[in-house]
Each structure stands twice: as C-alpha cells, then as structure tokens.
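Start from the sequences and build out the full structure, keeping to the hints where you can.
Chains as they are written, first to last, in our numbering: chain R, 1 to 280; chain F, 1 to 405.
Treat each hint with caution, since some may be false.
Said to hold, decoys possible - Some chain F residues near chain R, calculated using beta-carbon distances under 10 Å: (1) Lys84; (2) Ile116; (3) Asp180.
Worth flagging that the hints you see were computed from the coordinates, not collected in a lab.
Ideal Cβ positions, reconstructed from N, Cα and C, are used throughout, including at glycine.
One letter stands for each residue in the lines below.
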Amino acid sequence: MKLQTRVYQKETNINPFILLKEIFGDIYRSRFLARQLAERDIKAQYRQSYLGIIWAFIIPITTAAVWVFLNLSGTIKITDTGIPYPVYAFTGTLLWSIITEAINSPTASTFAAKGFMNKINFTKEALVFSGIYKLIFNSSIKVLLLLLFVFLFGIGFHWKLLLLPFVILGALLFGTTIGLFLAPISLLYKDVGKVVVVGFNFLMYITPVVYALPREGIMRTLMLINPFTPVILTSRDLITGTSPEFLTYYFLVLAATLPLFFLGLILYRISIPIIVERNA
Amino acid sequence: MHRMEEKEVLIEVENLSKKFCKDLKTSLWYGVKDLFSSLKGNKEERLLRPREFWALKDINFELRRGECLGLIGHNGAGKSTLLKILNGLLKPDAGKVTIKGKVGALIELGAGFNPILTGRENIYNNGAVLGFTRKEIDRKLEEIIDFAEIREFIDMPVQNYSSGMKVRLGFAIASQMEPDVLIIDEVLAVGDVGFHIKCLNRISELLKKCAVIFVSHSMPQVAKISTSTLLLEEGKMISYSSNVSKVVLTYLSRFDMEQSLKIQHKETLFSEVKIMGKAFDENLKAYVCKRDEEIEFQYDLEISPNIEKYCITLVFNDVELKPVAAVTSLSDNQPFINNGRRRHIIKIKNYFAPGRYSINCNAIEMLNDRQWGKTLFQYQNHFTISVINANSFTHVPIQLKANWN
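Here you go:
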C-alpha cells in the first residue's frame, strides 16, 4: 500500500481548487469525528440540566415579551405587521437567535477544543461541522416550539411550511459563513468577540425582527440593504403563510453564501496553525 | 547490533527553523500579520522581528522505519516545538518536513473526554479525535476496556474516575493506534507500577513497526530504546549521532544537576574529603574514571571526643540522583574508634557502566550493638565522576565481574 506523504513548510498552497479538494476530502474522512463531537456536546448539555433546551428560548422569548408589552401598553407605536404582533415578534426573535447562534458557532466550537488542539492533529473543520450539527439540532427544537406557538394563534397548517427546513438550513449556512470569517480574528483577540456581540445587538434593530419594515425614511433604506432582512423575512413569511416579498434578494444572498462559505473554510484552514501557535 | 537493512525513510527534516515571540500582545499582532501573508502564500523569507527568537534553528535529520530517535535537551530547548511541527500542529518558518504514512502521537491522553459522560461514551469521543472510525472503535472496545482495567467502572461518569484511571483509559485508547510514525512525549510514566510496565511493553511492540521520535528526560530510558539521539539546546542541534552514549554524555555534562550540599554536625570539628589521582575534566565537569581501575578517596576527620565510634559511607547516585550503589565501613566490619584527628584512605574498584555518577560522602556515629547514632557529616553530591572507556553504553548502572567458563 502506498503511504500518504505530508509535507510541512512555510509556504501555503493558495490555489483555492486544490485547497477545497483537500478540505472536503478531510471533512469527508472526519465525518465521524464531527458527528461524535456534536453527539457528545448535546448529550452532556442535557445530562447536566433539567431544563435543557428551555435555556435556548429564554432570551428570544423575553425579548419578544418585552416588545409585546411595549406594544400592547402603547408605549411605542409599531407599523402594522399584517399578522398578530406576538407572532411577529416571537418569530423574529427566534429566527434571529438561530442566526446569531450560527454566527457564534465556528468560534465557540473551535474555542471548546482549545485544550487539545495544540496537542493532537485532527481535522479542525470537523469542529465547524460538529457546530452545524448542533445548530441543526437546537434549531429544529426551536422551530417546533415556534410552530406550536403559531398554531395557538390560529395560523393553521399550510403547504409552505414544508419549505421551512430548507429556509432554516439556509439561515444556518448564512450565519455559519459569517462566523467562519469572524473566527480567525476573534480566536486571536477576545475584543473581537465582544465587538461582535455589541454589533449584532445593534444590527437587530436595523433588521425587521421586532418591527416591520418602515414605509419610508433612512431606516427603510438601511433595512433594505441589510442582507439579514431577506433571510428573516422569507423565513417568517413561510411560517405565517404570507407570500414572500423579497425573494429576489433572498436568492441573491443564498447564491452569494455558498461560494463565501467555501472561502470561509479556506480562510479557516489557513488560519488554524497560526491560532494554534499564538493562542492555544 | 542492528542489521543494516535499509528500510524506507519515513521522516525527513531539512533545515527546519521555527521562531517564537516573547511577548503575548506582540505575538497576537504578528499572528494577524502572518494570517495575511499566509493568504498570499508565504513566499518571502522570514527574518526575526523585534522580540522574536529562534525556538528551532536549522534542524536536519532523517528516520527510517524501525528506528527510534531519542530527543533530549534541557527544558525549553525546543523539543516540544519540534514534536508539534512533526505532528503538523505548527507550521515551520523555514525548511521542510516530509512525513510518510500515518502519524500517531502519544502526547496528550484523553483528549475530547467530557467529564460528565461515561467512560464508554468517552472512548468514542477520544477515539474519534484520534482518527478512528466508529467501526474500528466498536471492534476495539473490549480490548480497550480490558487494557485499561476499568471494566467495573466503564459506565460511570469520567469525572468520578481517579486521575490514574483517566490516564489508563486514555492510554488504552491511544495505544490502539497503528501508526507508521509515532511521536512520544514523556507521558509514559502513567499509572501504578503494573500499568507502567504494560505501557512500556505496548510501546516496545509499536517501536518495531514504526519510526519513533521519543522525548524523555530519563537517560536510561533513552539509552534503552533509541537507535540515534539528538541533543537540542536553545533550538540548535548540539549533537546528533547513532552513538547514543556519546550524545547522552554530552547532554549530562552540560547539566549542572549535582548541587552539592554540605551538612556538618557540631560534634565534627574538622572534615575534608578528596578524590585522589583522578583528573578533573572541565568539559565533562567531572572526574574521569576508567572502568576496572580503583577510585581512591581520602577522608581527613577530627571528631569531638564525645563520639566513641563512627563509620564511613559513600553512596553513588546515577544521573537521576537515584542511589545505585554504596559502600560502608560497617558492612566491612570497620567501625572506627575515635582517637583524635585521623586520615582514612578508601579504595573502591570501579564496576560502573559508562555514564555519570555523583557521590555522597558521609560519616555516622556508631553506638554499641551496631546501632546508628548521629550523622556526623553529610556531603551530598560531593564529587561527580564520569566513567569512560567501556565497550558499550547500557542503561544498567553496575556491571559486575564474572568468571566465564
């Protein structure tokens, strides 16, 4: 049998096609590792807590509740959303939480392996994919809860719901891609992680999460540019059964996400030895 | 000793260099810069930037299947850095490493364990990190549990394991690897004596089939299993040879380990111990003694009249300061009666294997009924001798004389 030969030197191969071939080969070979790590973390998460997944809902539910209260009490006046406001707010915050979790996932999964990353050589991309598995698991529970909530408000079953899993997967890929670009720097500098948290808190308010797209003004322009807008709105429209308004932009975002995801994987691969050396 | 059968070269290291930064903030900033230069392919030559130093500089060697390279050097000499580069964890700053075949590392045991999951579940976690497939682990599961000797506790959360049990489980999993290149850091000393022996046996099984790089501070261990030895100091190759004893002796001579210490009881009025007729070698920092020659010690003592009888002992320690031999005047039935200032000449035939030994010189009060009394003085590591001129280097410190018929 011919032995596999590895060469380690300073020069990096930057031909994206060769790199991608290597990366996907490694990801395929380490598929068991990715699954096993996801299984480990999910099991551990539930074995150590009675409330388990509830914790994943607390923030979106409380955020939605605050906005519902502000709206009902008349403290703030919100543009008509076309559907019951609690449904609007809750779908928004929950979808938002799915996307932000996806954005954090590559950094968080890599950080969790810091203890042995500088001792054992394994395919680090498996960490990203174990993150995706965990996201799929957590998101499906969130979506089930969301559907339950939506049915309680009298929005019945409709065929568009069958497209929901694909839209959620799209949202996860979108978030993970952003996360892959942030991971190399935020693994080196803790500041970046903090800036990201603050930044996304702000970003939520220029995305139609808890209020609808205004009819005019600077806010409308900002929201229309914001690539999170079509992702959130299309997902919400599918849940509530209204016809999606921003499909063109949505598909544009998705079409850009896929090549960017590959680019993110390349960036991740190139930066891992530097992270291991400088900060592990 | 080794058949010169040319097996395939599995590890080839050419002009390998690696630099590190002394300061974290600067290091992180260089990291960001390196990230951008990596994206451009890292073509340009790398020079030292402010606050950087060479952790490894111009390392060259090759290793074939069946060979074992013992990597020795002081703490911080660059041994672990070299292992990390060979393991593909760090990228070189200059030079090239070519490795053929599957690489296994016995550096970190139990990576990927989650403390609240059971031992059985964690076998899969750690196995996955080490690159096993689910099928392979299924197949090896029973063997792993038996090797670790923890069948009774295998379904208990790992956080309730003792540290010894964790390490045993970790080793049991790692030792299932079937690598072509094996990298071993000094994690070998795990568990109790029984398990330690099991580990060493398992490693020697692996040694035959792989090319091994082995880092240790235990010179007997290095001498026992290496086929060649590389001495690193401040990132540079000081000595590299298949003559293991030569490299080990160079290493030991650079080591100022034998801190001498003198403790003297007030009943001792005067004491001086000398080694006679041996040249002190400045390079080896030791008295050079040939095998089978006599080593002569001279004790000058004056002990207060309160002490009636005393005896003299000499203890020989190996490089790890483990006592390996002793002489006492008592066992030669020589308790000395104290009658004022006196000179003792002690001659000892040198049966030591080549290597380095430090000597403790003591005198102890004798009571009646051959009981020990006060320690009159104690010179710890008073002399260091370096035994040369023997045919082979062995990890057994004393070579006895025998009649061969």
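Using the nearest Cβ pair, does Lys84/F come within less than 10 Å of chain R? Interface hint status for Lys84/F: holds (7 Å vs cutoff 10 Å).
Next item in the hint list is Ile116/F. Is there a CB on chain R closer than 10 Å to its CB? Holds: closest Cβ of chain R sits about 5 Å from Ile116/F, inside 10 Å.
Chain R contact restraint for Asp180/F - C-beta distance below 10 Å: This hint holds: Asp180/F lies near chain R, its Cβ roughly 6 Å from the closest one there, short of 10 Å.
This entry satisfies every hint, going by the numbered hints stated previously.
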